[in-house]
Amino acid sequence: MTYSLREALVAFRRAPLLAGVSAAMIALSLFVVGLFGIVAFNIRKVIEGVEARGEVVAYLRDTASPADVQALRHELTGVAAVREVRYVSREEALQVAKEELSEFSAVFGSLDSNPLPASLEVRLKPNQKGPDVVRSVAQRIGANPAVEEVRYGNEWLDKVFLLRSVAATATGVLGAGFAVVAILIIGAAVRLAIFARREEIAIMQLVGATNWFIRKPFLLEGLMTGLLGGMLAALATWLSYSVLTNAVFTVVWIPDSWVVGGILTGGALGVVASWIAVRRHLRVA
Amino acid sequence: MISLLHVTKTYPRTGDAVADVSLTLNKGEFCFLTGHSGAGKSTIMRLIHMAERPTSGEVRVSGYSSTTIRPREIALLRRKIGYCFQDFRLLQDRTAAENVAFALEVTGAKPQVIRTKVPRLLAQVGLASKAEALPSQLSGGEQQRVAMARALVHEPLVVLADEPTGNLDERATRGIFDLLQHINQSGTAVLLATHNLELVRANPDVRVIELDHGRLVYDSAAEEVRS
Ligand SMILES: Nc1ncnc2c1ncn2[C@@H]1O[C@H](COP(=O)(O)OP(=O)(O)O)[C@@H](O)[C@H]1O
Ligand SMILES: [Mg+2]
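Protein chains in written order, with our numbering: chain D, 1 to 285; chain X, 1 to 227.
Possibly wrong hints are sitting among the right ones.
[To be verified] Straight line, CA to CA, 27 Å or less: simulated DSSO-like cross-link-like pairs of lysine-lysine:
#	chain 1	residue 1	chain 2	residue 2
1	D	216	X	80
2	X	117	D	216
3	X	130	D	216
4	X	130	X	80
Hints were generated in silico from the structure; no laboratory data involved.
Keep in mind it's a predicted model, so treat the numbers as computed, not measured.
Please model the entire structure based on the sequences and the hints provided.
Below you can see the structure in the form of structure tokens.
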């Protein structure tokens, strides 16, 4: 290991610019992914908040008969995703409104008639709160003639999902593009290092060093370049986050495990790039 | 220990470098490999070193066969084969001692083993006092001695010496030849490729194999001489 490490470090000193550019390209690739990580993580937080409620509210027509309502309740209780269906009468709704909106209790109290409709509050099972499930349940309820309107807070959720998929696509394209460039540059760096060490490599093969031993310094060089790139990306992402979160809007920082995962991804990218270059340029007997 | 069985090596452009050669080198044997330039001497050595695979036929070395040997086994086999060249192939930016140590280092020897072995090997080839010299500060004969010390780091079964005296004057040639004989006396087989016929004639007791255009045309150890 000491030999490989020394040789890998020598390679950095021999071509510091190339090593720097390699690391920067990996950093750029992962920085894009890091920014997306922040967006995705925050969107996920919002969605989790909405999902935690996991609730669909069906406002009933005043004309709906108790038998209609009972039939609907019965139907919904039979749906697999539904945990609980609660009937909220018009009186109860008014009562809740008076309690929750005490400032307006005077207004409500002075009304001759109750303006609020009766409703069914449908709670979903904990593992059935995904957007697709919520939407399909809501559509099913909405199709019932006794129901006037369905609310499930998804009007804007759809927009959030759209935003996320657009961001994911852009990130995928940009991140992959930079990753390919990074692989090519690391390949060039490794090729240069192989060329600079061709005499040593020939002697190593002559005296019986294993292929693994001969390749190790180059893989190590790739690993270190990649880890360096990963750390630069984490730093750049964090700086962008710090600037954005106070000036524009409040977002949460991604979990530490994502940061570590990103840095390790950089290392893996570097190793893969060197491996490809070593396979191509290091002729073994 | 080393056998070539009907070995042919064909290169795409130049044709047969070695054509249907069969020979055996026993443990501890000393043997000249002669022939004109381009006769196939170096190719035979590369075949024994498994740096080339025969186009047809089989090379067997120390229990390994060219038909089945795996890359990792090639590396291990090479530790049992010392190799010297006409042009020495030393690393120019390393001292004599470092060149010898390098062969140990890259095959996983421990530092304390390297520390004790390197001075011993340099002493064995008569270069104890030149350990810290760079190749550029050494004569041709001295550089070849460093290369031989490097070839001996793993107590090889055989030393393949490919025209080791080709670049050396008469005195240095004598010295290298004596050293090879000395190495041979301690049980290591030596295959010495040379077109120095004087050297061959001066040592009539030594086995001689002669190649001509890739064919084995004479083997002093064999009863019959092929045409
Ligand atoms: N790598 C190679 N590619 C093509 N031809 C080669 C190669 N190595 C050797 N040869 C040819 O094989 C023949 C034998 O070469 P070599 O074994 O080096 O001979 P010697 O060492 O006896 O001078 C020569 O004709 C040479 O041109
Ligand atoms: Mg030759």
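Taking the hints in turn, this is what the structure says about them:
Of the supplied pair hints, the one linking residue 216(D) and residue 80(X) holds, its CA atoms being roughly 23 Å apart against a limit of 27 Å. Using a Cα cut-off of 27 Å, the hinted pair residue 117(X) and residue 216(D) holds, with the two alpha carbons roughly 25 Å apart. Distance hint between residue 130(X) and residue 216(D) is unfulfilled; the C-alpha atoms sit about 32 Å from each other, more than 27 Å. With a C-alpha separation of about 26 Å, the suggested pairing of residue 130(X) with residue 80(X) holds against the 27 Å cut-off.
Hint violations for this structure: number 3 only, all remaining hints satisfied.
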